[in-house]
Each structure stands twice: as C-alpha cells, then as structure tokens.
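J.: Spelled out from the first residue to the last, the chains are:
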Amino acid sequence: MGDSQYSFSLTTFSPSGKLVQIEHALTAVGSGQTSLGIKAANGVVIATEKKLPSILVDEASVQKIQLLTPNIGVVYSGMGPDFRVLVRKSRKQAEQYHRLYKEPIPVTQLVREVAAVMQEFTQSGGVRPFGVSLLVAGFDDNGPQLYQVDPSGSYFSWKASAMGKNVSNAKTFLEKRYTDDMELDDAVHTAILTLKEGFEGQISGKNIEIGIIGADKKFRVLTPAEIDDYLGEVE
Amino acid sequence: MSIFEYNGSALVAMVGKNCFAIASDRRLGVQLQTIATDFQRISKIHDKLFIGLSGLATDAQTLYQRLVFRHKLYQLREERDMKPETFASLVSAILYEKRFGPYFCQPVIAGLGDDDKPFICTMDAIGAKELAKDFVVAGTASESLYGACESMFKADMEPEELFETISQALLSSVDRDCLSGWGGHVYVVTPTEVKERILKGRMD
Numbered sequence: 001m002g003d004s005q006y007s008f009s010l011t012t013f014s015p016s017g018k019l020v021q022i023e024h025a026l027t028a029v030g031s032g033q034t035s036l037g038i039k040a041a042n043g044v045v046i047a048t049e050k051k052l053p054s055i056l057v058d059e060a061s062v063q064k065i066q067l068l069t070p071n072i073g074v075v076y077s078g079m080g081p082d083f084r085v086l087v088r089k090s091r092k093q094a095e096q097y098h099r100l101y102k103e104p105i106p107v108t109q110l111v112r113e114v115a116a117v118m119q120e121f122t123q124s125g126g127v128r129p130f131g132v133s134l135l136v137a138g139f140d141d142n143g144p145q146l147y148q149v150d151p152s153g154s155y156f157s158w159k160a161s162a163m164g165k166n167v168s169n170a171k172t173f174l175e176k177r178y179t180d181d182m183e184l185d186d187a188v189h190t191a192i193l194t195l196k197e198g199f200e201g202q203i204s205g206k207n208i209e210i211g212i213i214g215a216d217k218k219f220r221v222l223t224p225a226e227i228d229d230y231l232g233e234v235e
Numbered sequence: 001m002s003i004f005e006y007n008g009s010a011l012v013a014m015v016g017k018n019c020f021a022i023a024s025d026r027r028l029g030v031q032l033q034t035i036a037t038d039f040q041r042i043s044k045i046h047d048k049l050f051i052g053l054s055g056l057a058t059d060a061q062t063l064y065q066r067l068v069f070r071h072k073l074y075q076l077r078e079e080r081d082m083k084p085e086t087f088a089s090l091v092s093a094i095l096y097e098k099r100f101g102p103y104f105c106q107p108v109i110a111g112l113g114d115d116d117k118p119f120i121c122t123m124d125a126i127g128a129k130e131l132a133k134d135f136v137v138a139g140t141a142s143e144s145l146y147g148a149c150e151s152m153f154k155a156d157m158e159p160e161e162l163f164e165t166i167s168q169a170l171l172s173s174v175d176r177d178c179l180s181g182w183g184g185h186v187y188v189v190t191p192t193e194v195k196e197r198i199l200k201g202r203m204d
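Note that the protein sequences, when read in sequence, are chains A and B. Taking the UniProt record's numbering, the leading residue of the first sequence gets 1, the next gets one more, and so forth. Taking the UniProt record's numbering, the leading residue of the second sequence gets 1, the next gets one more, and so forth.
Calculated directly from the structure, the hints in this document are not laboratory data. Be aware that one or more of the hints could be misleading.
Stated by the list, open to error - Here are the simulated lysine to aspartate or glutamate pairs, DMTMM-like style, with alpha carbons at most 20 Å apart:
hint	chain 1	residue 1	chain 2	residue 2
1	B	Lys83	A	Asp228
2	B	Lys154	B	Asp124
3	A	Lys217	A	Asp141
4	B	Lys195	B	Glu164
5	B	Lys133	B	Glu97
6	A	Lys102	B	Asp124
7	A	Lys102	B	Glu97
8	A	Lys18	A	Glu120
9	B	Lys72	A	Glu113
10	A	Lys102	B	Glu78
11	B	Lys129	A	Glu103
12	A	Lys102	B	Glu79
13	A	Lys92	B	Glu97
14	A	Lys102	B	Asp115
15	A	Lys102	B	Glu130
16	B	Lys83	A	Glu103
17	B	Lys117	A	Glu103
18	B	Lys117	A	Asp141
19	A	Lys217	B	Asp114
20	A	Lys102	B	Asp81
21	B	Lys83	A	Glu120
22	B	Lys72	A	Glu103
23	B	Lys98	B	Asp124
24	A	Lys206	A	Asp228
25	A	Lys102	B	Asp114
26	B	Lys154	B	Glu164
27	B	Lys83	A	Asp140
28	A	Lys102	B	Glu85
Said to hold, decoys possible - Quick partial rundown of chain B residues pointing at chain A, CB under 8 Å, derived from the structure:
hint	residue
29	Arg77
30	Glu78
31	Thr86
32	Ser89
33	Leu90
34	Ala132
Please read these numbers as outputs of a predicted model, since none were measured by experiment. Don't be surprised by glycine CBs; every beta carbon is placed ideally from N, CA and C.
One chain only, chain A, in its complex shape (with noise of 0.2 Å):
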C-alpha cells in the first residue's frame, strides 16, 4: 500500500468538520433495503426484506442474516459485498477470542472489534468506509443484547432500530410498539408489522428474513414456512 498514488487517506475532513465519505456511505445505508432489531425481555430478533432483483433469482441460496458465533447474529443495510467481507473478519475475530479464552466471545467486544475495524477503513490509505450498518443480535451472560455499527464505527446498543429505506416511519412505528417487558414472540409480530409498514407488494416468508436468539442462546435464522405461521398469527 505504501508506494502507491492512492496512499494517502481518502476519507479526509471538509472545511465544516465533516467526512464526507462517512455520509455517502451512511446514504448508501439509507438507499438500502430496511431491516430492524427488536430485544425482548427473554431474546433479540432482528430481521429485513428480502426483495430480489427478478423472479429468476433462487430465493433460497440468498442469506442475508448471518451467525458470527452460535450465539450471536448479524442483518445489514447497504451493500451485499461489504457485508460479506465484515462477517468473514468478525467471524474471524471471535474464533481468535475463543482460541485465546476457550470461552465464547461477548456480545460487546464482538461489537467493538467489528467497529474498530470499520473505523479503520476510514483512515487507511486507498480504502473507502464500508457502505453497510450493522444490527448486531446476541445472547450472553449479560442478557439480550442489539447493537447497531454505523459505516463510521460507531456502534450503540438499542432496544429497538431499524435502517435503510423506510427508517423513520419505521423508527416511529417502533416508538410507539415497543415496551420492555416484550416477549420474544411478541416481539418477532412487531418486527413483522414494523416490515410490512413499508412493504411494498405481499409479504410473505419467501420476501422477508427473520432472526431470533432466545434464553437457549441459539441463534437461528427462521424458515420461511415457521415466517408464514407467525404472519398467519399477525393477520
């Protein structure tokens, strides 16, 4: 990297303070398909839309929520590729943790691992920042736990939140729903009523990703007929 023309960082401040890059990449997360997370009292569901570009695509081979760790799980907005680099690193990351500790990795340094490296990105030389946000789902010994990483590196637990295209609606939809001693299940009927807000066209198993851990600390992405009862159980 050194020698190159483009050693230099690319993510450099504007007179006003800003990094650019940083918003383009936040807009890049906006332009995305929404997904949320809910934590309930006893567990975390995360979950996001899963429009395909055409019919011909096989819905199947698509996955968008994915486990970093048997306890922890991950959903995106923004870009696909960028994704799929930052949850082969953390898996990475949290096998490195465990090969040290023989203990599995919490939910918090996960977290602030995968964000040290997104804020790496937007201060090396000839990278761009990711253009994704993460919503980091898991169970530890600590509880439920959601966390959000932003394109910057900043990461901010939640009890609730949603990205990408139908943010605010979705955001105010959630304000209104959400209550702390959700359980999880009803938590997984929000986060389908929270999608279906700005659903556009029928949703069904096959059109949205849903992921739930619980007290089992198993984190495991549903199928779309166990989606299809609870959007039963929702209409």
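With the hints as your guide, set chain B onto chain A.
T.: Quick look at chain B alone, frame taken from chain A:
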C-alpha cells in the same frame, strides 16, 4: 544441571470445601548457593485468582508481568475479572507462543470460578494443561510433593484443616529437596477472605 533446577522451587495447590489453598517455598538459590529466603513465588491476579510460578526465577518474573498486563487490559475492556478457567487458557496460549524458545516455568493456577467453585490446574513449560480435582504440584520438589499430597489429601476439607494439610505436605517434601525450603508461604482462599501465612520449617 537442568535449567529448571537452577533456582529451585516447590509449589502445591489443593482444593477444599468451597475454598482452595496454594503454597510455595521461600528459597531463591543460584544452583547450590542460597541468595534469598523470602522469595515470592505466588502472586495474586485478582481476589479470587492466584498463580504460582516455579522454575527459572527470571522467566517467572517476566511471565508474571506479562500475565498481569493481559489481565489488566481484559479487566478494562470487559469490565469484569477473568475466570480461573479462562486465565488458564490464556497462560497456556502465551506459553505455547514460545514453543521453540520457551519460558522455563511451570505455573500452578488456583482460583474460585463461577459460584465460587474451586479450580486448580498446572501446566508444563509449553502450555499443556493438567486439570485436577484434588491437588497439583510443581517445582524441584514435585516428586516428594506428589507422594505427600497423595497420602495426606482428603476431599472437602474445611479451610483450617486444608491449611494444616497443605503445610505439612509442603514442609515434609521440601525437606527431601536440597534446592527448595527455607520456610513456606501459604494462601488459603475462601469466597469471603484470603488468609496469608508464613511457615517456619527447617531453615536449610
């Protein structure tokens, strides 16, 4: 003479009922010359975790400093103390990093884990962990210590009885080893307190 026998040492840790004890001798020698009779071989990592390092004293000191460094950073990052099992895994990893130029130390780790369950383990100089439910030993006096512990140990001893047992095992074993001795240093740790005691044995 083996490098592990350069300074001389004796270390033992035992599990009791909701408590543990860790003890060491106090001699620091340079081969056959004794140069200190108050050498600290056991150090505290936090209130419920102790590590004793036998073997070459310089490596024991450096290793201890590195471990404290790692633990302090862990505490700052994770806002909690390290569990004994986690710490043992860390020590093992750090020792194996130096697989082809090792620290000439044999650590003995003792602590109270989740729900204050006693945990002890030892490992060799390149990090092979050896967990035990009753006792672990290390140092130049280890062979005598194995014998003494095997015969004197009973399960579920109360702190006072545990102290007596570990002290007797230590003192009788170091008497059979010319490179360790000059008294003993015993820590008995329960969930509520840490009792540190100095033993006077044969001063030779």
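J.: All hints are to be evaluated individually against the structure, with a verdict given for each.
T.: Now the hints, each set against the structure:
1. A distance of roughly 44 Å separates the Cα atoms of lysine 83 of chain B and aspartate 228 of chain A; the hinted pair therefore is violated under the 20 Å criterion.
2. Annotation: proposed proximity of lysine 154 of chain B to aspartate 124 of chain B is violated, straight-line Cα distance about 25 Å (limit 20 Å).
3. Distance hint between lysine 217 of chain A and aspartate 141 of chain A is fulfilled; the C-alpha atoms sit about 10 Å from each other, no more than 20 Å.
4. Taken as a hint, the lysine 195 of chain B and glutamate 164 of chain B pair is honoured in the structure, with Cα atoms around 13 Å apart against an allowance of 20 Å.
5. Distance restraint check for lysine 133 of chain B and glutamate 97 of chain B: the Cα-Cα separation of roughly 27 Å exceeds the 20 Å cut-off, and the hinted pair is therefore not satisfied.
6. For the given pair, lysine 102 of chain A sits about 18 Å from aspartate 124 of chain B by alpha-carbon distance, which is consistent with the 20 Å threshold.
7. A threshold of 20 Å between alpha carbons decides the hint, and for lysine 102 of chain A with glutamate 97 of chain B the separation of about 16 Å falls inside it, so the pair holds.
8. A threshold of 20 Å between alpha carbons decides the hint, and for lysine 18 of chain A with glutamate 120 of chain A the separation of about 17 Å falls inside it, so the pair holds.
9. Between lysine 72 of chain B and glutamate 113 of chain A, the direct Cα distance comes to roughly 18 Å. Compliance with the 20 Å bound is thereby established for this hinted pair.
10. Proximity of lysine 102 of chain A to glutamate 78 of chain B is assessed by CA-CA distance (about 15 Å); at most 20 Å being required, the pair is judged to hold.
11. For the proposed pair lysine 129 of chain B and glutamate 103 of chain A, the alpha carbon gap of about 16 Å is at most 20 Å, so the pair holds.
12. Straight-line distance between C-alpha atoms of lysine 102 of chain A and glutamate 79 of chain B comes to about 18 Å, which keeps the hinted pair within the 20 Å bound.
13. The straight-line distance between the Cα atoms of lysine 92 of chain A and glutamate 97 of chain B is roughly 19 Å, inside the 20 Å bound, and the hint therefore holds.
14. Using a Cα cut-off of 20 Å, the hinted pair lysine 102 of chain A and aspartate 115 of chain B holds, with the two alpha carbons roughly 19 Å apart.
15. Our distance criterion of 20 Å between C-alpha atoms is met by lysine 102 of chain A and glutamate 130 of chain B, whose separation comes to about 15 Å.
16. Only pairs whose Cα atoms come within 20 Å are accepted, and lysine 83 of chain B paired with glutamate 103 of chain A is accepted, the gap being roughly 10 Å.
17. For the given pair, lysine 117 of chain B sits about 17 Å from glutamate 103 of chain A by alpha-carbon distance, which is consistent with the 20 Å threshold.
18. Distance hint between lysine 117 of chain B and aspartate 141 of chain A is fulfilled; the C-alpha atoms sit about 18 Å from each other, no more than 20 Å.
19. Restraint check for lysine 217 of chain A and aspartate 114 of chain B: satisfied, since their Cα atoms lie roughly 18 Å apart, inside the 20 Å limit.
20. In summary, the hint linking lysine 102 of chain A to aspartate 81 of chain B is supported, as the alpha carbons are separated by about 15 Å, within the 20 Å threshold.
21. This hinted pair does not check out: lysine 83 of chain B and glutamate 120 of chain A have alpha carbons roughly 31 Å apart, beyond 20 Å.
22. Distance hint between lysine 72 of chain B and glutamate 103 of chain A is fulfilled; the C-alpha atoms sit about 18 Å from each other, no more than 20 Å.
23. Annotation: proposed proximity of lysine 98 of chain B to aspartate 124 of chain B holds, straight-line Cα distance about 12 Å (limit 20 Å).
24. Taken as a hint, the lysine 206 of chain A and aspartate 228 of chain A pair is honoured in the structure, with Cα atoms around 9 Å apart against an allowance of 20 Å.
25. The straight-line distance between the Cα atoms of lysine 102 of chain A and aspartate 114 of chain B is roughly 15 Å, inside the 20 Å bound, and the hint therefore holds.
26. With a C-alpha separation of about 12 Å, the suggested pairing of lysine 154 of chain B with glutamate 164 of chain B holds against the 20 Å cut-off.
27. A distance of roughly 15 Å separates the Cα atoms of lysine 83 of chain B and aspartate 140 of chain A; the hinted pair therefore holds under the 20 Å criterion.
28. A hinted pair counts as satisfied when its Cα atoms are at most 20 Å apart, and lysine 102 of chain A with glutamate 85 of chain B qualifies at roughly 8 Å.
29. Against a cut-off of 8 Å between C-beta atoms, the interface hint on arginine 77 of chain B holds, since the closest Cβ of chain A lies about 7 Å away.
30. Residue-level restraint check for glutamate 78 of chain B holds (minimum Cβ-Cβ distance to chain A is 6 Å; threshold 8 Å).
31. Below 8 Å, beta-carbon pairs count as interface contacts, and threonine 86 of chain B has one with chain A at about 5 Å; its hint therefore holds.
32. Proximity of serine 89 of chain B to chain A holds as hinted, the smallest CB-CB distance being about 4 Å (cut-off 8 Å).
33. Interface hint at leucine 90 of chain B: satisfied, since its Cβ lies 6 Å from the closest Cβ of chain A, which is below the 8 Å cut-off.
34. Using the Cβ-Cβ criterion of 8 Å, the hint placing alanine 132 of chain B at the interface with chain A is not satisfied: the shortest such distance is roughly 17 Å.
The structure is inconsistent with the numbered hints 1, 2, 5, 21 and 34, although it conforms to all the rest.
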